[in-house]
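*Asks:* Construct all of the structure, not just a fragment, from the sequences and the given hints.
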Amino acid sequence: MKALYWLLTLVTGGFLMYGALDMPRFGDPNSAPNTHVSPRYIEDVLKETEVPNLVTAVLADYRGFDTMFETTVVFAAGISVLLILGKPRRKKESEG
Amino acid sequence: MIHQQDSVIVRTISRFLVPFIQCFGLYVIMHGHSSPGGGFQGGVILGASFILLGVAGGLGEVKLRFPTKLLMVFVSLGVLIYGGIGFLCLLLGANFLNYGVLPISLPRYMGMFGIELGVGITVMAVMVSLYEYLVDFD
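Top to bottom, those sequences are chains A and B. Residue numbers 1 to 96, in the working numbering, belong to the letters of the first sequence in order. Residue numbers 1 to 138, in the working numbering, belong to the letters of the second sequence in order.
FYI, nobody ran anything at the bench for these hints, they're computed from the structure. Incorrect hints may appear among the rest.
[What the hints assert, rightly or not] Label pairs and their computed distance ranges (CB to CB):
(1) B:F87 - A:N34: 30 to 38 Å
(2) A:L85 - B:C23: 26 to 34 Å
(3) B:L134 - A:Y41: 37 to 45 Å
(4) A:V11 - B:P67: 25 to 33 Å
(5) B:V8 - A:S31: 53 to 61 Å
(6) B:M30 - A:Y18: 40 to 48 Å
[What the hints assert, rightly or not] Incomplete in silico selection of chain A near chain B, CB under 10 Å:
(7) G19
(8) P52
(9) E70
Just so you know, even glycine gets a beta-carbon here, dropped at the ideal spot from N, CA and C.
*Replies:* Spelled out as structure tokens, the structure:
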């Protein structure tokens, strides 16, 4: 059984490695992101968003929908804490 | 179980530090546009200031300043601010979260500041609620 787990892990990992070979080299100036998206952000960000910080502009404006659901993930974490660890409503002694 | 510390030095120094940490957290949120920072980072700093109070002085110190009942209100309020700004843009006739139509000066700048504030409030309240609920759990 243990051999089966090893086999599964190695095969899956091998496929992932094989897939990663197709990715462009890090920082390759001719890769698709570096020829289309990045120059547009770098050149037009101040004109389009009025914000000098490139990272914030991408995070909050171009990718605003993504960030909204990142916030929702944090929100879900808080709700889960309430559901799992919260006590039923009852009168408690006041602390502090 | 966490025991309350009786060290005067630890309690005094941490209570002295907390306002400065919170000022820095607000600074990180507000200057997320022009320097490194933003809602997530600033919210974590604000939440950590409350956790420092709790670690130094016991859970009661945190509950005094951030009641458990209010935690979930703040967690929801942040997401509500974020989504509310998105829907406000929708009502004003643009796409969801397209801040350009907000009727204020520098609409995109201020819209981004609004959503960073929402993110900060949510992250801060979640940090504090993690601490309060985990410590209170027995």
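*Asks:* Could you run down the list of hints and mark each one as holding or not?
*Replies:* Evaluation of the provided hints:
no. : hint                       : verdict
1   : B:F87 - A:N34: 30 to 38 Å  : 35 Å, holds
2   : A:L85 - B:C23: 26 to 34 Å  : 31 Å, holds
3   : B:L134 - A:Y41: 37 to 45 Å : 40 Å, holds
4   : A:V11 - B:P67: 25 to 33 Å  : 53 Å, violated
5   : B:V8 - A:S31: 53 to 61 Å   : 59 Å, holds
6   : B:M30 - A:Y18: 40 to 48 Å  : 46 Å, holds
7   : G19                        : 30 Å, violated
8   : P52                        : 5 Å, holds
9   : E70                        : 8 Å, holds
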